[in-house]
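**Student:** Each chain is listed here by its residues.
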Amino acid sequence: MRTPMGIADRVVDGMARGLDLCLLRGAWLLVPSAQRAEWWCEWYGELWEARRAYAGDAFSWKVERAIAGFCVGAFQDAAYLRRLARLPDGKRRARLPLKFGSAWQCILVLALLLGGSFTLARLLPGVRAERSLLRHGVRSGLVLIEDANNEDSPRTISSGQYRAWKDRKQEFFDGFAFYRVTRERVNWRLGGMGAGESAGWGVGRASSNFFVLLGLPIRFRGTGGGADAEMPSLILSESLWKQEFGADPHVAGSVVRVGTRWATITGVTPAGPRGLPGKVDAWLLEPDAQMVPSGAGYVVAHLSASGISRMDAAQIPITSYSPHRSPDDLLGVSLGNEIPGQWDVFCFGVLLAFLALPAITSLSFGELSVSVHRISWVRRVWRWGFLGAKVALLLPIVYFVSLDAAYGFTGFNASQALYVQMATTFFLCLFGMQWVLSDQRQRCPVCLRRVVHPARVGQFSSLFLAWSGTELMCMNGHALLHVPSLPTSWFGSQRWMFMDSSWDFLFAGAVRE
Amino acid sequence: MAFERNPETKLSHTAAMILQAVDAGFVYGFSIMEMTGLPSGTVYPAMRRLERDELIRSSWEKQSIADAEQRPLRKYYKLTAAGRATLENSRKRYPLLERLISSEEARSV
Numbered sequence: 001m002r003t004p005m006g007i008a009d010r011v012v013d014g015m016a017r018g019l020d021l022c023l024l025r026g027a028w029l030l031v032p033s034a035q036r037a038e039w040w041c042e043w044y045g046e047l048w049e050a051r052r053a054y055a056g057d058a059f060s061w062k063v064e065r066a067i068a069g070f071c072v073g074a075f076q077d078a079a080y081l082r083r084l085a086r087l088p089d090g091k092r093r094a095r096l097p098l099k100f101g102s103a104w105q106c107i108l109v110l111a112l113l114l115g116g117s118f119t120l121a122r123l124l125p126g127v128r129a130e131r132s133l134l135r136h137g138v139r140s141g142l143v144l145i146e147d148a149n150n151e152d153s154p155r156t157i158s159s160g161q162y163r164a165w166k167d168r169k170q171e172f173f174d175g176f177a178f179y180r181v182t183r184e185r186v187n188w189r190l191g192g193m194g195a196g197e198s199a200g201w202g203v204g205r206a207s208s209n210f211f212v213l214l215g216l217p218i219r220f221r222g223t224g225g226g227a228d229a230e231m232p233s234l235i236l237s238e239s240l241w242k243q244e245f246g247a248d249p250h251v252a253g254s255v256v257r258v259g260t261r262w263a264t265i266t267g268v269t270p271a272g273p274r275g276l277p278g279k280v281d282a283w284l285l286e287p288d289a290q291m292v293p294s295g296a297g298y299v300v301a302h303l304s305a306s307g308i309s310r311m312d313a314a315q316i317p318i319t320s321y322s323p324h325r326s327p328d329d330l331l332g333v334s335l336g337n338e339i340p341g342q343w344d345v346f347c348f349g350v351l352l353a354f355l356a357l358p359a360i361t362s363l364s365f366g367e368l369s370v371s372v373h374r375i376s377w378v379r380r381v382w383r384w385g386f387l388g389a390k391v392a393l394l395l396p397i398v399y400f401v402s403l404d405a406a407y408g409f410t411g412f413n414a415s416q417a418l419y420v421q422m423a424t425t426f427f428l429c430l431f432g433m434q435w436v437l438s439d440q441r442q443r444c445p446v447c448l449r450r451v452v453h454p455a456r457v458g459q460f461s462s463l464f465l466a467w468s469g470t471e472l473m474c475m476n477g478h479a480l481l482h483v484p485s486l487p488t489s490w491f492g493s494q495r496w497m498f499m500d501s502s503w504d505f506l507f508a509g510a511v512r513e
Numbered sequence: 001m002a003f004e005r006n007p008e009t010k011l012s013h014t015a016a017m018i019l020q021a022v023d024a025g026f027v028y029g030f031s032i033m034e035m036t037g038l039p040s041g042t043v044y045p046a047m048r049r050l051e052r053d054e055l056i057r058s059s060w061e062k063q064s065i066a067d068a069e070q071r072p073l074r075k076y077y078k079l080t081a082a083g084r085a086t087l088e089n090s091r092k093r094y095p096l097l098e099r100l101i102s103s104e105e106a107r108s109v
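Residue numbers (my numbering), protein chains in the order written: chain D, 1 to 513; chain R, 1 to 109.
Just so you know, the hints here were simulated from the structure itself, not pulled from any lab data.
Please read all numbers here as calculations on a predicted model, not as lab measurements.
Hints should not be assumed to be uniformly reliable.
[Unchecked claim] Computed list of chain R residues with no C-beta within reach of chain D, every gap over 12 angstroms:
# : residue
1 : S12
2 : H13
3 : T14
4 : A66
5 : L79
6 : R84
7 : E98
[As the list claims (entries may be wrong)] Heads up, incomplete: computed chain D residues facing chain R, CB under 10 angstroms, no partners named:
#  : residue
8  : Y44
9  : V72
10 : W188
11 : A455
12 : G458
13 : Q459
Cβ atoms here follow ideal geometry from the backbone N, Cα and C, with glycine treated the same way.
My request is simple: use the sequences and hints to build the entire structure.
**Tutor:** Okay, here's the thing in structure tokens:
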């Protein structure tokens with residue numbers, strides 16, 4: 001006796017019906033517009049028939065799955081009508097070069113995915129900036145020194161402290177650089193012609209040794225020509241150079257007014273180092289004598305050999321003694337080098353995914369040896385080559401998609417982005433490899449076409465009397481795949497049954513090899 | 001422009017099953033699907049192909065019939081002369097076809 005549906009079941013049932021109609025509507029969009037009205041009318045009627053045939057009074061997930069499967073078939077029908085409409089009348093029976101489910105079709109889809117993810121990674125500004133950063137990595141052994149007692153975030157240090165350290169002999173550091181970030185009004189007029197332009201930039205006022213200490217490259221390095229040698233240098237960030245100067249390579253040597261001072265543009269830096277606080281559009285390199293004596297900013301130090309040996313963590317506490325011998329508690333934070341790079345994270349994620357793979361899927365490809373049929377070694381090589389090609393295409397897809405996810409859309413900081421990349425790499429690689437293996441298991445060992453038309457064979461209740469499972473066939477007529485419904489000691493994994501030429505008559509038009 | 005199909009042309013087993021189902025009286029898409037056990041993604045495109053090749057012909061039932069039975073309209077398929085000849089030819093190639101799908105089953109549905 002069927003029980004009437006409760007309220008919850010009615011809600012879920014309504015949602016399932018809505019989903020079925022959404023699926024049909026999705027397929028409907030693929031149908032050529034001239035045929036849509038009739039196509040919809042037919043499929044709507046067929047869905048009604050399917051629901052009447054499958055569904056009872058009580059809600060059942062099994063039934064809903066069968067009906068949803070029925071609706072998914074509408075996509076194949078719609079795609080077929082679309083393909084038919086595209087071909088000229090005389091060629092409507094011509095076959096597409098890529099058969100449905102063929103190995104080439106699979107490779108093509110993966111290659112398209114790879115192309116899409118690669119293009120996206122090239123276009124997303126966050127990913128491009130990150131790649132540029134990696135290309136121009138900073139020197140090793142750099143630390144950002146923070147005042148441990150300062151409650152600001154990030155914690156600043158006074159320029160007086162910087163001067164005091166810089167002038168004293170240090171055991172653990174062999175160089176210091178100082179910078180502070182201010183918002184300045186900048187005026188410029190390129191080539192001395194036309195109306196001048198003005199904008200507000202984030203200017204990093206840095207000590208003159210800043211770029212040397214950090215080992216950052218400078219493009220289009222210019223001296224300023226006839227400009228005053230005492231004039232501070234201005235180095236533009238790449239994004240600002242492109243945005244405000246249209247990526248003009250002759251920008252070096254131009255004189256601009258930064259706040260109340262004149263400065264010469266001496267080059268463009270591809271990217272700032274990872275982990276430095278403050279958003280900087282341009283770096284103004286000032287001689288120490290011209291620096292504001294009382295400003296607060298950030299100090300970057302380079303570790304000496306003995307400093308590197310002491311730096312055994314990403315952060316170390318530092319105690320500094322001022323000239324009056326009062327101790328200052330500081331914190332040295334490693335810049336960039338302790339954070340693993342994208343490639344390291346990707347490799348680690350892939351390794352973890354490969355280790356976890358046996359937990360979610362079988363690594364077996366089924367039994368081939370039960371048949372007298374022998375596959376030629378060329379076919380065997382082709383089969384393994386196809387598997388290798390799928391893996392080879394999957395890994396770069398995972399890499400680029402993980403970069404897109406980590407750096408493309410959000411304002412993650414460096415370590416958050418690495419976690420996002422790590423998680424994306426792991427899950428994409430894990431489930432991607434699961435798909436690769438399951439796809440390989442369902443491909444005919446001879447032609448590598450996916451087997452189709454699953455048919456239930458036997459009854460589960462008669463498991464000990466006869467074989468029970470699913471049978472699928474190769475549409476080229478090479479083999480049948482038997483997948484047991486429950487692995488047993490005599491039928492543990494799927495088996496291939498190869499068909500000889502006596503079966504040919506069943507597969508008219510198929511190409512046997 | 002339609003394609004002239006030679007009755008001697010070999011049909012695939014799937015296409016032959018669908019023709020046999022239509023001939024046996026399973027005359028709309030879902031009933032053919034149920035009878036043959038083939039998925040919807042196979043049956044409907046195959047019927048489009050058969051219709052394109054003029055082996056079957058479709059027509060909508062009268063609205064009054066659907067209204068009387070309180071259901072949506074059905075699109076019915078029936079064999080053409082060329083389809084019947086091709087089916088006869090296919091039965092020789094697939095001798096079990098008639099046993100798989102017989103017209104008695106259609107009558108009992």
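**Student:** A separate judgement is required for each hint: does it hold in the structure or not?
**Tutor:** We went through each hint and held it up to the structure:
{"no.": "1", "hint": "S12", "verdict": "violated, 5 angstroms"}
{"no.": "2", "hint": "H13", "verdict": "violated, 5 angstroms"}
{"no.": "3", "hint": "T14", "verdict": "violated, 8 angstroms"}
{"no.": "4", "hint": "A66", "verdict": "violated, 8 angstroms"}
{"no.": "5", "hint": "L79", "verdict": "holds, 19 angstroms"}
{"no.": "6", "hint": "R84", "verdict": "holds, 18 angstroms"}
{"no.": "7", "hint": "E98", "verdict": "holds, 16 angstroms"}
{"no.": "8", "hint": "Y44", "verdict": "holds, 6 angstroms"}
{"no.": "9", "hint": "V72", "verdict": "holds, 7 angstroms"}
{"no.": "10", "hint": "W188", "verdict": "violated, 64 angstroms"}
{"no.": "11", "hint": "A455", "verdict": "holds, 7 angstroms"}
{"no.": "12", "hint": "G458", "verdict": "violated, 15 angstroms"}
{"no.": "13", "hint": "Q459", "verdict": "violated, 16 angstroms"}
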